[in-house]
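Next come the chains, spelled out residue by residue.
There are 2 protein chains.
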Amino acid sequence: MSIERADIRALQDVLHHEIPLSQQIGLVAEDYDGECLALHAPLAPNINHKSTAFAGSLNATATLAGWGLTWLLLREHGLRGVIVIHESSARYELPVADDFVATCRRPPEHAIERFLAALRRRGKARLALTVEILDAAGRVAVVFTGSYVAFIELESERQG
Amino acid sequence: MSIERADIRALQDVLHHEIPLSQQIGLVAEDYDGECLALHAPLAPNINHKSTAFAGSLNATATLAGWGLTWLLLREHGLRGVIVIHESSARYELPVADDFVATCRRPPEHAIERFLAALRRRGKARLALTVEILDAAGRVAVVFTGSYVAFIELESERQG
Chain X
2 MSIERADIRA LQDVLHHEIP LSQQIGLVAE DYDGECLALH APLAPNINHK
52 STAFAGSLNA TATLAGWGLT WLLLREHGLR GVIVIHESSA RYELPVADDF
102 VATCRRPPEH AIERFLAALR RRGKARLALT VEILDAAGRV AVVFTGSYVA
152 FIELESERQG
Chain R
2 MSIERADIRA LQDVLHHEIP LSQQIGLVAE DYDGECLALH APLAPNINHK
52 STAFAGSLNA TATLAGWGLT WLLLREHGLR GVIVIHESSA RYELPVADDF
102 VATCRRPPEH AIERFLAALR RRGKARLALT VEILDAAGRV AVVFTGSYVA
152 FIELESERQG
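Just so you know, the sequences run in chain order X and R. If you read the first sequence in my numbering, its first letter stands for residue 2, the second for the next number, and so on. If you read the second sequence in my numbering, its first letter stands for residue 2, the second for the next number, and so on.
Rather than coming from a laboratory, the hints here were simulated on the basis of the structure. Given the structure is predicted, the values throughout are model-derived calculations rather than measurements. Take the hints with a grain of salt, since some may be wrong.
Some chain X residues judged to face chain R by a derived CB distance under 8 Å, without partners named [as the list claims (entries may be wrong)]:
no. : residue
1   : Ala56
2   : Glu77
3   : His87
4   : Ala126
From the structure, some residues in chain X lie toward chain R, with a derived Cβ separation under 10 Å [unchecked claim]:
no. : residue
5   : Asn47
6   : Asn49
7   : Pro96
Where a beta carbon is used, it is the ideal one built from N, C-alpha and C, also for glycine.
Turn these sequences into a full structure, and let the hints steer you where they fit.
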């Protein structure tokens, strides 16, 4: 099994175990190629009065896509920590009338390096991520930005 | 039964019927006094890895509080229409370690009048709303703003 395949399975388990609502949403960690994470959700449990996807489900899925990418970055660098979202914004540009996919791309390497350096130095760092939700035709239906904060226990704190 | 009491029961039915995920979230339309709508949700189905409320659940509940207040305003003025959210932002300021309540206050009367006038003239209008989520101690844990768009069928369109 490739590293990415193992990563996506581990992420799926973590999401379903740690955030039970992700099971109600029907979330499936679908793909991670080392560059872009894709979370899939079916329309049925997330449907609204217009027979399209409920904005709250879209937002929750986008929130988890950014959380998941941050989790994968920590794992890739052998770090374990707690990740929370501090703020987010979302534009709902098109209704989503079918199953949907939330994609979160790795930020530029310099942003990742700055994030990891701050995390190792201070035990806490912030990462800004963009998530797009695509409809079945591949059009961008939702644009989401999230500011995530990761916390790790520093070596010095464990010893002290 | 007071008007507000009848309104809140009707809203509860609409939310559970039209947005099934609101049932998974355990959402209860708790109170509407004509000024402020309060939606309650239990922690258990919305819990996350830190034993606090999942940001996606908080966001979905806030989204529905703004949607609900818009629905109540239309109903109060004898209008029926479709309401969607166009954009939103959320700041997660404090973790929510217990059941929570999302409150959405009526905007100033001049904003409501402008919204209703545009709606009757063009069949479409936008309303900006703020939602706060309070933790069990009554502190503001999440500040959410949403831009909602309502659509109604105009008399002229029905006749034409």
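Which of the numbered hints are not met once you compare them with the structure shown?
-> Hints 2 and 4 not satisfied by this model.
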